[in-house]
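K.L.:
Now for the letters of each chain:
4 protein chains.
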Amino acid sequence: MDDSISVLCQEYAEFVEKRDWGRFHTPQNLAMAISIESNELLEEFLWFNNPASEEVQKDDDLVDAVSDELADVVIYAFGMANQLDIDLAQAVKEKMAENEERFDEETATEISADLDEWQ
Amino acid sequence: MDDSISVLCQEYAEFVEKRDWGRFHTPQNLAMAISIESNELLEEFLWFNNPASEEVQKDDDLVDAVSDELADVVIYAFGMANQLDIDLAQAVKEKMAENEERFDEETATEISADLDEWQ
Amino acid sequence: MDDSISVLCQEYAEFVEKRDWGRFHTPQNLAMAISIESNELLEEFLWFNNPASEEVQKDDDLVDAVSDELADVVIYAFGMANQLDIDLAQAVKEKMAENEERFDEETATEISADLDEWQ
Amino acid sequence: MDDSISVLCQEYAEFVEKRDWGRFHTPQNLAMAISIESNELLEEFLWFNNPASEEVQKDDDLVDAVSDELADVVIYAFGMANQLDIDLAQAVKEKMAENEERFDEETATEISADLDEWQ
Numbered sequence: 001m002d003d004s005i006s007v008l009c010q011e012y013a014e015f016v017e018k019r020d021w022g023r024f025h026t027p028q029n030l031a032m033a034i035s036i037e038s039n040e041l042l043e044e045f046l047w048f049n050n051p052a053s054e055e056v057q058k059d060d061d062l063v064d065a066v067s068d069e070l071a072d073v074v075i076y077a078f079g080m081a082n083q084l085d086i087d088l089a090q091a092v093k094e095k096m097a098e099n100e101e102r103f104d105e106e107t108a109t110e111i112s113a114d115l116d117e118w119q
Numbered sequence: 001m002d003d004s005i006s007v008l009c010q011e012y013a014e015f016v017e018k019r020d021w022g023r024f025h026t027p028q029n030l031a032m033a034i035s036i037e038s039n040e041l042l043e044e045f046l047w048f049n050n051p052a053s054e055e056v057q058k059d060d061d062l063v064d065a066v067s068d069e070l071a072d073v074v075i076y077a078f079g080m081a082n083q084l085d086i087d088l089a090q091a092v093k094e095k096m097a098e099n100e101e102r103f104d105e106e107t108a109t110e111i112s113a114d115l116d117e118w119q
Numbered sequence: 001m002d003d004s005i006s007v008l009c010q011e012y013a014e015f016v017e018k019r020d021w022g023r024f025h026t027p028q029n030l031a032m033a034i035s036i037e038s039n040e041l042l043e044e045f046l047w048f049n050n051p052a053s054e055e056v057q058k059d060d061d062l063v064d065a066v067s068d069e070l071a072d073v074v075i076y077a078f079g080m081a082n083q084l085d086i087d088l089a090q091a092v093k094e095k096m097a098e099n100e101e102r103f104d105e106e107t108a109t110e111i112s113a114d115l116d117e118w119q
Numbered sequence: 001m002d003d004s005i006s007v008l009c010q011e012y013a014e015f016v017e018k019r020d021w022g023r024f025h026t027p028q029n030l031a032m033a034i035s036i037e038s039n040e041l042l043e044e045f046l047w048f049n050n051p052a053s054e055e056v057q058k059d060d061d062l063v064d065a066v067s068d069e070l071a072d073v074v075i076y077a078f079g080m081a082n083q084l085d086i087d088l089a090q091a092v093k094e095k096m097a098e099n100e101e102r103f104d105e106e107t108a109t110e111i112s113a114d115l116d117e118w119q
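Residue numbers (the UniProt record's numbering), protein chains in the order written: chain H, 1 to 119; chain E, 1 to 119; chain Y, 1 to 119; chain G, 1 to 119.
Don't read these hints as lab results, they were simulated from the structure.
Just so we're clear, the structure is a prediction, and the values are computed from it rather than from any experiment.
Glycine included, C-beta positions come from ideal geometry on N, C-alpha and C.
Treat the hints loosely; a few may be bogus.
Claimed, not checked - Every beta carbon over 12 Å from chain Y, so not counted as near; a handful from chain H, in silico:
#: 1; residue: D2
#: 2; residue: A13
#: 3; residue: V16
#: 4; residue: H25
#: 5; residue: N29
#: 6; residue: D59
#: 7; residue: V63
#: 8; residue: D72
#: 9; residue: E94
#: 10; residue: A97
#: 11; residue: E100
#: 12; residue: D104
#: 13; residue: T107
#: 14; residue: E117
Said to hold, decoys possible - Derived contacts from chain Y toward chain H, CB cut-off under 10 Å, selection only:
#: 15; residue: M32
#: 16; residue: F45
#: 17; residue: P51
#: 18; residue: E55
Just chain H, with the same shape it has in the complex (with noise of 0.2 Å):
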């Protein structure tokens, strides 16, 4: 499989350790990162209305940078686990567990409910 996700942080420790940059690579640095970047993505949809993934899947371009953004948001958050020694796909597993639970049925469907009223 080369798609692990520990893999990946182990050569985007490599990029990082080759150009001296762990002393940039605080927490708090690359949490700004992550935000700024996320933002990044976000513009790339600013003043849309909102269009469903089929819309958006046309535009070629736009699905690109999507996918350009979306690799500077996960990468920086790679060198986040890296540099707290985060088992990252640990931490997500954990977090979809806790979501599977914490949205049971009720609670996702009364969720469901009042997002509708707003669609």
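Following the hints, complete the assembly by docking chains E, Y and G onto the known chain H.
P.N.:
Relative to chain H, chains E, Y and G alone:
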């Protein structure tokens, strides 16, 4: 290997599907969610003075909170990839290859020199 | 006129001074705070489907929450202006004058045409 | 007084009206715009090491850039106030009064003590 991005994306797709939340998971909404979660992550460091990773690591509660918020960011990134049929691991690898070239030794050294004035 | 930006900035400077919080109010920290508060504002609209202003206005609780989060954003913007001796009203006027020129009739019409494809 | 918030809001309302951009200025879109501009502001400080205000002030180009991005944030905040008929100066004053009470001497001292551990 149990930390495959595509496997985790698939698990998240099932979580969303089971709750019929796909109708809320438009790309624009997911981009908003990623920004919001990124800022919950950022808030963990607000008013700090850029502590080194080693300092942050000593605070177990903080690392747990960061791990949790980081997972939220990454999970919504998986959601975006799912909605737009983006191969996220591939996007990350492409961006890393691009960065490898873009930040060659000379450029990286220049950037470091500029940033060192602010350290 | 009791809605003068400089008067409000001065009041906020006194609030910060009285608590001796100036040492936390570095420009970088305030920029983080502005982003974080902006995202609390954004969260008020998460998973909505871009409702018209008139729809949002009907929900008093939502307008109150938005008003509250918007104030947080603006207060930290005042904090940044205070820290860097920026005349914020002047900065706003200059930017508005710049935008007035930059988005002339032709440019504005082009932008609108592009955006209308996503409405 | 020529730095009245309501006067500046009114000027911005005319700018938007003249370009017929009201249809894009939904509250959700403006919240996105505020977050995006906040992060362009944040980007001005990315990878810095939390320099003091006095240090930042020495860099005229940086202060100009910050001033410019800060204006963008505030202008979109005016846009949000316009769309939802929020009296922004009043909202700011109410929040400041609330903060004045909420962060009484004891609370403020406690917060400072917690934060001082991270300085």
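K.L.:
Now tell me if each hint is right for this structure.
P.N.:
To see whether the hints hold, each was checked on the structure:
1. With 12 Å as the threshold on Cβ separation, the claim that D2(H) sits away from chain Y holds: the shortest Cβ distance comes to roughly 34 Å.
2. Consistency note on A13(H): stated as away from chain Y, and its beta-carbon is indeed over 12 Å from all of that chain's, at 25 Å minimum.
3. The non-interface label for V16(H) is consistent with chain Y: the shortest C-beta to C-beta separation is roughly 21 Å, beyond 12 Å.
4. No beta-carbon of chain Y is positioned within 12 Å of the beta-carbon of H25(H); the least distance is around 16 Å.
5. Taking the minimum C-beta to C-beta distance to chain Y, about 10 Å, the non-interface status of N29(H) is violated against the 12 Å cut.
6. Interface exclusion of D59(H) from chain Y breaks down, the closest Cβ pair being 9 Å apart, not more than 12 Å.
7. Residue placement check: V63(H) keeps its beta carbon more than 12 Å from all beta carbons of chain Y (closest about 14 Å).
8. Remark: the non-interface label on D72(H) is consistent with the geometry, its nearest Cβ contact in chain Y lying 16 Å away (cut-off 12 Å).
9. Listed as a non-interface residue, E94(H) keeps its Cβ farther than 12 Å from every Cβ of chain Y; the least gap is roughly 23 Å.
10. The Cβ of A97(H) sits about 22 Å from the closest Cβ of chain Y, beyond the 12 Å cut-off, so the non-interface label holds.
11. With a least CB separation of 19 Å from chain Y, E100(H) remains clear of the 12 Å interface cut-off, as annotated.
12. Every CB of chain Y lies more than 12 Å from the CB of D104(H), the least distance being 18 Å, so the non-interface label holds.
13. The beta carbon of T107(H) is kept farther than 12 Å from every beta carbon of chain Y, the shortest such distance being approximately 15 Å.
14. E117(H), annotated as away from the interface, has a beta carbon of chain Y within 12 Å; the closest lies near 9 Å.
15. Contact between M32(Y) and chain H, as hinted, is supported at the beta carbon level, the nearest pair being about 7 Å apart and thus within 10 Å.
16. At about 9 Å, the closest approach between the beta carbon of F45(Y) and any beta carbon in chain H falls short of 10 Å, and the interface hint on this residue holds.
17. Annotation: P51(Y) was flagged as interfacial toward chain H, and the flag holds, the nearest CB pair being 6 Å apart, inside 10 Å.
18. Nearest Cβ of chain H to the Cβ of E55(Y): about 8 Å, under the 10 Å cut. The hint holds.
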